[in-house]
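Colleague: First to last, the protein sequences are chains G, H and X. Heads up, the first sequence is in the numbering used here, so the first residue is 1 and it goes up one at a time. Heads up, the second sequence is in the numbering used here, so the first residue is 1 and it goes up one at a time. Heads up, the third sequence is in the numbering used here, so the first residue is 1 and it goes up one at a time.
Hints listed in this document are in silico derivations from the structure and should not be mistaken for laboratory results. Any given hint could be a false lead.
[To be verified] Among chain X residues calculated to face chain G with C-beta under 8 Å, some are: (1) Val467; (2) Ile468; (3) Gly484.
[As the list claims (entries may be wrong)] Computed far set for chain H versus chain G, every beta-carbon distance over 10 Å: (4) Ala20; (5) Val29; (6) Val60; (7) Arg85.
Backbone N, C-alpha and C define an ideal beta-carbon position, used for all residues, glycine too.
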Amino acid sequence: MDQFTQTAWLIPLFPFAAFLLLTALGRSYRRAGVLIGSIGSLAALVMSLLVFFERLDPDAVDYSDGFKWIDLGVYVLRIGFEVTNLNALMLVIVTAVSFLVNVYSAGYMKKDERITVFYGYVALFTFAMLGLVLSDNMLVFYIFWELVGVCSFLLVGFWYAKPAARAAAKKAFIVTRIGDAGLLLGVIVLFWYMPGHALDFSSIHNVFSEGQTGAITMSITTSIALLLFMGVIGKSGQFPLHVWLPDAMEGPTPISALIHAATMVAAGVFLLARTFDIFEASAAAMHTVAYLGGFTAIFAATVALAQNDIKRILAYSTISQLGYMVMAMGLGSMTGGIFHLFTHAFFKALLFLAAGSIIHAVHTQNIQEMGGLGSKMRITTWTFAIGALSLSGIPPFSGFWSKDLILAFALDENPFLFVIGLVAAFCTALYMSRLFFIVFMGKSRLQQQAQVRESSKVMTIPLIVLAVLSVGAGFVETPWNGWLGGWLTGGGEEVHASAAAIVASIAVGVLGIYVGWLMFGKGSIERGAAAARMPWLANLLERQYYMNEFYNLMIVKPVRGLGKGLYAFDEYVIGGAVRLIGFTSVAGGRVLTRMNNGQAQVYGLTAVIGLLVIIAAIVGRRFW
Amino acid sequence: MLPSYLTMAAILFCIGLYGALVKRNAVIVLLSIELMLNAVNLNLVAFSKYGVVPSLTGQVFALFTITVAAAEAAVGVAVLIALFRARGTVNLDEFDEMRR
Amino acid sequence: MTDLTDLPILSIILVTPLIGLLVVLLLPKHRNRWLQTAAIIATLIPLVLSFWLYADYDKHQGGSTYEETATWVEVPLNKETQASNGVMSYTMEFQYELGIDGLSLPLIILTTLITAMAAFASIHVKKRWKAFYVWFLLLETGVLGAFMARDLFLFFIFFEITLISMYFLIGIWGYFNRERAANQFVIYNGLGSAIMLIAFILLVNTAGFHIDQDTSSFIYSGSYADIARNLADPSAWVNLVPDQAGGMNPFHMSEKMHTVIFLLLVVAFGIKLPILPFHTWMLKVHNEAHPAIVMIHSGILLKMGAYGLIRFGIVLFPEQAKDWAVVLASLGLANLLYGALIAFRQTELKLVLAYSSISHMGIVLLGLAAFNEIGLQGAVFQLVSHGLISALLFLIVGSLYERTKTTTLSELGGLARSMPFISGVLLAGGLASLGLPGMSGFVGEFLSLLGLFDSQPWIAGFAVIGVILTAVYLLRAVLKTTFGPIDERYLAVKDARLIEALPMIVLLAFILLLGCYPSVLTDTLQYSVDGLFKPIFSLRMGG
């Protein structure tokens, strides 16, 4: 039976109802607000799990339904939802992380006077994200895609009084908007070239998966794919539009965990998965996706090596891992991309929440000011360690399995990207061990020592749950068990066991941690050695390859200049022309007044001239 | 024949027009207006004699014009005298009452 | 529900504000509260009636059942003329002819809605209340009449009424430079009206006639239906070259003349819209007029330009419109990008919004230039949506100015702290304006671009840049106002009162409704677009 599947449209409505309730109640009901938000997401989680378990049945068929949105005459745009295995998986990821973040925030945001507003925004985000996951066509997808963007904007700018938060929120919105513009254009192009103007995913699947049947030419397919990919670049923080994600860390930490690690930024990867057939139909698009993903993975991992803000390190790590997922997609392994998305959601949310727990305790984000926290915050330390090991790709933690799947695939498809992936994995292990050893080991460098305590239960329990998930989530797809891939794609269970990949990926992970331990734990390699030898490199990494400065110089300033120039044009040229015309008529009036001097002879002369003009006009017409 | 009369009248009219528009002395302006009227009379008579449909109407009209012109000259000169008494000049440049 | 068609519902809607005007005239002039109450009631009644009309409107049948006709002026022209075709007499008739269709109905509702909300916003008016409400109500009648009129001269008269009442509303109750703004407004628009009048006279002279079979009299009229029918009919006199009509045909309108009239109309309504080089007047109006007036101006009056352009320009001259579509689209693109780029550098909130109006009207032009059903629907949707959004934004500007005494961006900041409600609505309005899905702005923008892509893909591609720029300047302005550290001066400022909050909530509710379920508007639009533009689309298919 698929009764839950058919009512899956209810899932987003739970958090939406919570949002409405929270907005209506106002700020005064603090406790009730927390409760409403959490119950909304819990209901969504329960419902999602029910749907998910229904989908585990191998006979489950995809289900979709909807209603008319706009009648365009030539075609009716519809709003609808669709339940597939992929969607069901995403539902569980989103609602699970959302629920845990809701619980966690009850502790983290306890002292904030706008906590109900916060819960309202989170509920709205959960609604939008679930809507995005369930959407059955590109238009609905785009609508929710923008809505999650706006929620992200609101939450990044949650502490609106801080100028940095304001700037970050604006940047997050505008930079992703650049990608979204591409996505919008992609949807428009798709609309006109699809047979019957159908925008729903199943039609897209049917049209593109049959190979090029001549309906849509190769160049159009490629351009559609690349336009859609622009949206992915913006939302999932791929190079060169990744700049907003590190800045977005100005938002509250639970938000970084929910939106900027686990769910929204993964929406780009989800989009790739949903429109995978379009990409597969165009080799050029696939290559672009793969190489850009690979480049982002290594690019962001190197930047993370030199950052000192704990959330920034994690943000660059997120960018890098998203690069992994995108690369997997580009290599043709949808399973790999989604699997990594799945595991990453848990361990990165865990890392962020643990980081939040630390920040909550020590009131700083600079890792150089921390240290020796391991003995004071045991739960946080252990859960963080699990997350870090998972991220570094150490078996049996979940990150290892998903990363290994991608690397095994890369080894088959494209050895170059395999090497890139390995290097990025090494960097990942290195910066995570650096982070871990600096924060938790060694001597404390804090200003106020005494106050550091483990966070309250409401914050640590989500950490423990996520830690369990981070360990366990990897076993759905292992080199000898292809269950997830089979379930997702509906094909057979393929097994990508590759001893070389396993060995290599374990080796770089361990090596990265070992080097990190030598440098930052044991101290046998001088910390500043590398930086001292190549100061330019250290500087380059610390300043994030000067991307912000580059954009400022190449885009922001010229646009400002253009605006200023056009304003001057508007003011002086167009406004000037208007003033000139006005002046001319006033001056003309003056001249004519002068002629009106009361002298009969002048009037007579004028009359004669007028007569002559009329005669000339009448006579002249004959010759004209 | 007709063209020469018309040419004559046109020349006369232009002289009159020039005088009426340019001369400062009001008496000369009045005389110029008479000149223009006479040019018209010449035309009327010429057409009544040599026109496509010759008839007396033109000549009758000319007589009327002469009468009206005489009356006009009388009124004009009377106004002129009144003005001269009030202002002590017949220079047209100094009359711009219409401006106010 | 009673059958609305028995009542002259259009006239009733049209006259209610006038009755309100009379009531206001009878009230004592120092009683602000009474005057405002009367004005609000006088605007609420048409609002209710227009919603009733919407509920009653049958989209399949169109608005033909609501039409009202009465001969208003009848001038006999040389009766003795005995023409060869047996026509006995010539008459000139001006009709009082009202009608609605799916194009004007949404705009009528928009008008009644925004005027009512503006009446609420008029609490901030400080002086000469009586005169204010008199002009205000006259303005509403003018706008409603312009949207209902089915006779060219009637349209012109209503159009002029709006001009005059607007002139006084700007000139008396505006800010510092109000008189200059009012003068520029009236001169610019007067010029536009003059050009429009020329075009109308040319139209009436050539295409505006029908033959009354009973009295076999030849009737000149400004009736829109006659003109549209004659222009569309290839065998009508207006379209016959003299040789075909037996030697002489004074009604013939050459191809060149078609183009000339079309361009005259584009310029006339382009000034109102405003299309690019004709926009300077509206900046001044936005900046100097009272916010309640700007709500009406930006929310409705600009739409009259677009409405005229559609009804008289594009529907009457589809071939010319098609030939000039590229030009219209380029102008639209120029409006969109130019307005957005300049708005980005403005230091005055009102001017940001003014340039944003220019930018958004560019989208309307783009939708029109798309020249297909989707684009036209998008254009009209964008009209309604921008009307609501800009009215909302200026409503907020009015409330802000009351509290801060300035709307210069550099002096504002952090207002979310002391006025969370107003700031929230401002943010929502900004997001709606930048085309956030779920709000009305997105639908208009999306449909316009979608339609345009089919006919002019490259321009549509460039127009997408506008989507980014819009976000840039609107967020800059909104965030500068509401986010960031608060100035101490504004710490003690109170949030919106109920009477201020009410119109904000109503407008926002409509924006959300249209954004979430656009069918409430597009369904009525759909059939009218079909009917009105059938000749256009057949043209499109044919050539």
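Colleague: Please list, smallest to largest, the hint numbers that this structure does not respect.
Modeller: Hint check: 4, 5 fail, others pass.
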